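Engineer: Sequence:
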Amino acid sequence: MTATKFTPPPNFIRNIIAEDVEAKKNNGRVHTRFPPEPNGYLHIGHAKSICLNFSLAAEFGGLCNVRFDDTNPTKEDVEYVESIKSDVRWIGFDWGDRLFYTSDYFDQLYEYAVQLIKDGKAYVCSLSADQIREYRGTLTKPGKDSPYRPRSVEENLDLFERMRAGEFEDGAHVLRAKIDMTSPNLNMRDPTIYRIRKVDHHRTGSKWCIYPMYDFSHCLSDSIEGITHSICTLEFEDNRPLYDWILDQLNVDCHPQQIEFARLNLSYTVLSKRKLVQLVEQGDVSGWDDPRMPTISGMRRRGYTPESIRNFCERIGVAKRDSIVDMALLEYCVREDLNKRAPRVMGVLRPLRVVIDNYPEDQVEELDAINNPEDPSMGTRKVPFSQVLYIEREDFREDPPKKFFRLAPGREVRLRYAYYITCVGVVKDEQTGEVAELHCTYDPETRGGWSKDGRKVRGTLHWVSAAHSLEAEVRLYDRLFEIANPDGEKDGADFKTYLNPNSLQVVTSCAIEPSLSHAEPGSVYQFERLGYFCVDSVDSSDKTLMFNRTVTLRDSWAKIEKKEQKQK
RNA sequence: UGGGGUGUCGUCAAGUGGUAAGACACAGGAUUUUGGUUCCUGCAUUCGGAGGUUCGAAUCCUCCCACCCCAGCCA
Numbered sequence: 001m002t003a004t005k006f007t008p009p010p011n012f013i014r015n016i017i018a019e020d021v022e023a024k025k026n027n028g029r030v031h032t033r034f035p036p037e038p039n040g041y042l043h044i045g046h047a048k049s050i051c052l053n054f055s056l057a058a059e060f061g062g063l064c065n066v067r068f069d070d071t072n073p074t075k076e077d078v079e080y081v082e083s084i085k086s087d088v089r090w091i092g093f094d095w096g097d098r099l100f101y102t103s104d105y106f107d108q109l110y111e112y113a114v115q116l117i118k119d120g121k122a123y124v125c126s127l128s129a130d131q132i133r134e135y136r137g138t139l140t141k142p143g144k145d146s147p148y149r150p151r152s153v154e155e156n157l158d159l160f161e162r163m164r165a166g167e168f169e170d171g172a173h174v175l176r177a178k179i180d181m182t183s184p185n186l187n188m189r190d191p192t193i194y195r196i197r198k199v200d201h202h203r204t205g206s207k208w209c210i211y212p213m214y215d216f217s218h219c220l221s222d223s224i225e226g227i228t229h230s231i232c233t234l235e236f237e238d239n240r241p242l243y244d245w246i247l248d249q250l251n252v253d254c255h256p257q258q259i260e261f262a263r264l265n266l267s268y269t270v271l272s273k274r275k276l277v278q279l280v281e282q283g284d285v286s287g288w289d290d291p292r293m294p295t296i297s298g299m300r301r302r303g304y305t306p307e308s309i310r311n312f313c314e315r316i317g318v319a320k321r322d323s324i325v326d327m328a329l330l331e332y333c334v335r336e337d338l339n340k341r342a343p344r345v346m347g348v349l350r351p352l353r354v355v356i357d358n359y360p361e362d363q364v365e366e367l368d369a370i371n372n373p374e375d376p377s378m379g380t381r382k383v384p385f386s387q388v389l390y391i392e393r394e395d396f397r398e399d400p401p402k403k404f405f406r407l408a409p410g411r412e413v414r415l416r417y418a419y420y421i422t423c424v425g426v427v428k429d430e431q432t433g434e435v436a437e438l439h440c441t442y443d444p445e446t447r448g449g450w451s452k453d454g455r456k457v458r459g460t461l462h463w464v465s466a467a468h469s470l471e472a473e474v475r476l477y478d479r480l481f482e483i484a485n486p487d488g489e490k491d492g493a494d495f496k497t498y499l500n501p502n503s504l505q506v507v508t509s510c511a512i513e514p515s516l517s518h519a520e521p522g523s524v525y526q527f528e529r530l531g532y533f534c535v536d537s538v539d540s541s542d543k544t545l546m547f548n549r550t551v552t553l554r555d556s557w558a559k560i561e562k563k564e565q566k567q568k
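48 is the number that the working numbering gives to position 48 of the first sequence; each next residue is one higher, with no gaps.
No lab work stands behind these hints, which were simulated from the structure alone.
A quick note: this is a predicted structure, and the numbers were derived from the prediction, not measured.
One should not assume that every hint holds.
To be verified - Label pairs and their calculated CB-CB ranges: (1) D429 / S517: 29 to 35 Å; (2) S86 / R554: 55 to 61 Å; (3) L553 / E520: 43 to 49 Å; (4) D170 / E82: 24 to 30 Å; (5) K198 / D107: 54 to 60 Å; (6) V538 / T432: 33 to 39 Å; (7) N15 / E79: 36 to 42 Å; (8) N15 / W450: 41 to 47 Å.
Stated by the list, open to error - In silico DSSO-like cross-links for lysine-lysine, where the CA-CA straight-line distance does not exceed 27 Å: (9) K121 / K207; (10) K121 / K198; (11) K85 / K382.
Think of the CB as a built atom: it goes at the ideal place given N, C-alpha and C, for glycine as much as any other residue.
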């Protein structure tokens, strides 16, 4: 393999861990975790976190757990658990035997809560949700103590036990940490740590009707698992004092260090679960795995490879400032990977019939084509050539603009791996005036696509023998949103206003070379001169081949044409 | 107007007192049977702003400005 070695840039988290290891903190041990809530599908932003946690652990000879943060049964579901597991595996990471659930710790967590109550550091509050909000104060005004704050340890213990036993309805009581209602950090104003939810949990069934809140369960779960560095996103920065407070009060042996980094934003898409759910539920896309979605399953179906995603995550870096990474970098990463591994193939998206007037009507030749010029070990294949061919409609111009060096009346071009042909006639549809067919002559001396006399041709076109071609449907994808930052719009505008109405274009009756007749679902090809395409793993069948365009090739002609048009 | 963060090229991002890495994008050029790939070349006299300390500041100090997050019994 000629894999280009890319040295990841240093980042502040790696630096912190390196120093900790150097200082023999945690006896030099490094243990991270990826803690998704099973309430949605993983997206490229999660991939950043997954890659960060797993590779940091790997780099320092440590381990990384996967832990489902399943403390809110009203929002979570096994469907998500399964998809998350397969996505993490697909991206390329192995959690070994360390797949955990916060719900594994419910008993222990309950005991910790009881301990807090016994120590007078937590109390049962019987205020309503609205009242709790009122008592909390505001950003600029301190809160005030709940009237239930002074309840005795005995009463709290009794009430909490009865909460667990199901004696009260949802919302009747909550368990709160007793910290400081005047703290400028709202998280410290006696945060709720347990609430009543009389619903079944996807793993614990009906065993519990009280469930711990994130702030209480997360730090303790980390501690229970012996996590050394608990990496999370920026919005949890204000929760860190609470994370530390709980671990300090309970005097646990393992007190992980929480470190926050900026979540990923990608241009021309959205990465908030709420918005992605909305797109799925309102039918703007076909599902979580719609190839336009920035979800792992969508990208997989689109033809992205795990390597390209991992590479992307490495290149974007890790820092604390809000940023929007250019989609062009992601596209660069897939092209880089696919260029090395995708077999080349010829496919015509919008066929234009070409008749080679001087080619024997019944003759068929099998011409040699290289499967991947980047990798000779991938060998060659035979491609049939005959009198009637298809070429790409946009490769012919009756009135060619400057710098257009493809086919035009009287002009000679090369058919890749075949012959030089010269356009000698144009047949038009009488009704529409549209070019219906081209007549060309070929030079038998140019077999294979080159000429002994050294004559140069400017253009090389891809083509397919009409009689041998396979029909296929191709989906061309474009950015999901028309503006770079649909997420950044202030509440006034609905992000969906910016959806790109042309993000999906279905092209039927495409003509592709016969070697693709048994293409496997999910396999990726480069259609020469067009882009990378993969066989759709959901809709493609033996009857109808369906391809998704992963990404176009870089297209300098398109750039030139755009520029020329601007100058007019 | 409380608290917590962040400001280095169009976009990411190194840099931690010694004189602005790298990547993507962009612009030129070379090679090319993919207008692909590959290969060269160019691309921040300047680090949100203003002062100050210092022989020397993106790095230290002061003030200011901008942006992000927090008032779920969500995570």
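Engineer: All hints, please: hold or fail.
Structural biologist: These are the hints, each one checked on the structure:
no.: 1; hint: D429 / S517: 29 to 35 Å; result: holds (31 Å)
no.: 2; hint: S86 / R554: 55 to 61 Å; result: violated (32 Å)
no.: 3; hint: L553 / E520: 43 to 49 Å; result: violated (22 Å)
no.: 4; hint: D170 / E82: 24 to 30 Å; result: holds (28 Å)
no.: 5; hint: K198 / D107: 54 to 60 Å; result: violated (19 Å)
no.: 6; hint: V538 / T432: 33 to 39 Å; result: holds (36 Å)
no.: 7; hint: N15 / E79: 36 to 42 Å; result: holds (39 Å)
no.: 8; hint: N15 / W450: 41 to 47 Å; result: violated (55 Å)
no.: 9; hint: K121 / K207; result: holds (26 Å)
no.: 10; hint: K121 / K198; result: holds (25 Å)
no.: 11; hint: K85 / K382; result: violated (41 Å)
Hints 2, 3, 5, 8 and 11 from the earlier list are contradicted by this structure; the remaining hints agree with it.
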